[in-house]
Amino acid sequence: MKTLVLGGTGFIGMHVARELAARGEEIVIAGARAERSPAELREFFGDAPQQERIDLTVSYDVFDAIARIKPDKVFDASGYAPKSMSPAREVHLRTACALNVIEACRIMNVGQLTITSSSDIYWGLDSKYYPYSEAGPIAITEQKDHHYIQAGPKKLLEAIAAIFQRQTDLDIRIVRIDGTYGPLYNKMINVVARMVHAAVRGVPMDLTSDKGRLPCADMAWDFNYVKDHAYGMALVHQAIAPEHKVYNVGSGKTTRLDEFADAVNALFPGAIPPLPLHPHGPSSDQRYLDITRVRALGYEPRWSVATGVADYVQWLQSHDV
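Under my numbering, the sequence shown is numbered contiguously, ending at residue 321.
Treat the hints with care, since some could be wrong.
[What the hints assert, rightly or not] Below, computed lysine-lysine pairings styled on DSS-like, alpha-carbon distance capped at 25 Å:
(1) Lys70 x Lys2
(2) Lys128 x Lys2
(3) Lys2 x Lys245
(4) Lys70 x Lys245
[What the hints assert, rightly or not] Ranges of calculated distance between the beta carbons of each label pair, as one might list FRET restraints:
(5) Ile140 x Arg295: 27 to 33 Å
(6) Ile107 x Asp285: 42 to 48 Å
(7) Glu43 x Ser133: 34 to 40 Å
(8) Ser37 x Thr292: 36 to 42 Å
(9) Ala241 x Asp262: 41 to 47 Å
(10) Thr57 x Gly298: 33 to 39 Å
(11) Met108 x Pro279: 50 to 56 Å
(12) Glu40 x Lys187: 42 to 48 Å
What the hints contain is simulated information worked out from the structure, not anything from laboratory work. Heads up, the beta-carbon is just placed ideally off N, CA and C, and yes, glycines get one too.
Construct the entire structure; sequences and hints are all you get.
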């Protein structure tokens with residue numbers, strides 16, 4: 001079985017590709033911007049997979065690649081940095097990418113397409129919808145924005161996919177993932193990654209994303225180690241005739257930021273200073289992704305906060321990211 005992993009040279013895509021390869025699939029990875037050296041690929045995968053450059057905004061590139069590679073399945077882990085372009089350009093590019101990939105898979109008779117979405121899809125829902133379920137509603141309009149939440153693009157992506165799910169025979173599956181951290185991450189938006197990087201590099205924590213303020217100890221979210229995400233995403237991708245078309249993949253709980261700070265400080269004493277409490281009280285301990293559906297496929301998170309942080313630290317100590 002051959003899977004083409006779009007975005008397969010990026011953070012999430014590399015981990016998904018490695019998980020699928022470990023589960024017996026022949027893998028081809030593709031990216032539009034980032035290229036990995038043969039040495040990087042050998043280190044990460046053992047046996048370096050075939051690597052392609054595909055511009056998803058150009059329909060010819062997508063059709064040509066699928067015609068040449070002849071994948072049985074496609075896993076789309078591609079994406080763009082949040083809010084990095086004008087709204088008009090973002091809508092145009094994201095719509096073009098989604099349509100090009102879906103149409104190429106449909107016309108070229110690819111057996112299955114798995115699309116990566118995220119917990120940002122739930123942005124705008126109030127606490128009565130916690131924990132977030134795939135069967136719950138999605139808010140079309142939102143009262144406020146956030147500088148790195150990608151709610152609009154994810155809703156656009158899933159709306160386009162839903163049209164094809166209803167009106168064609170293409171097997172389209174959607175995986176919604178939550179906050180992730182681990183090897184290969186390099187955006188430095190994620191607060192957990194910034195804690196670990198600061199400790200390993202022996203520098204103060206980067207507070208740019210927090211407007212110069214320390215994050216609050218009692219802020220909590222559904223954080224999941226990237227290897228667990230890849231594991232769950234691979235289960236959805238490889239499932240035979242799954243009951244559902246949309247699956248959450250997360251840790252199944254919230255984790256407070258002071259728990260991550262404690263895990264980092266256990267390895268690097270004093271690296272993360274004491275974090276303040278939020279002036280309006282702690283975050284809800286129910287604001288996480290309901291993973292009942294993916295658990296039915298055999299998923300269970302395998303990395304704790306302590307083991308995930310320790311594994312991430314070990315990787316960073318030998319990689320300049």
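To see whether the hints hold, each was checked on the structure:
1. Lys70 x Lys2: The hint holds at about 8 Å.
2. Lys128 x Lys2: 42 Å, violated
3. Lys2 x Lys245: 21 Å, holds
4. Lys70 x Lys245: Roughly 24 Å between the alpha carbons, so the hint for Lys70 and Lys245 holds.
5. Ile140 x Arg295: 27 to 33 Å: Between Ile140 and Arg295, where Cβ atoms are some 29 Å apart, the hint holds.
6. Ile107 x Asp285: 42 to 48 Å: At roughly 47 Å between Cβ atoms, Asp285 and Ile107 fall inside 42 to 48 Å, so the hint holds.
7. Glu43 x Ser133: 34 to 40 Å: Holds: the Cβ-Cβ distance is about 39 Å, inside 34 to 40 Å.
8. Ser37 x Thr292: 36 to 42 Å: Since Ser37 and Thr292 have Cβ atoms about 41 Å apart, the given range 36 to 42 Å holds.
9. Ala241 x Asp262: 41 to 47 Å: Hint holds: Cβ distance 43 Å, inside 41 to 47 Å.
10. Thr57 x Gly298: 33 to 39 Å: 36 Å, holds
11. Met108 x Pro279: 50 to 56 Å: 55 Å, holds
12. Glu40 x Lys187: 42 to 48 Å: 18 Å, violated
Checked against the numbered hints listed earlier, the structure breaks hints 2 and 12; every other hint is satisfied.
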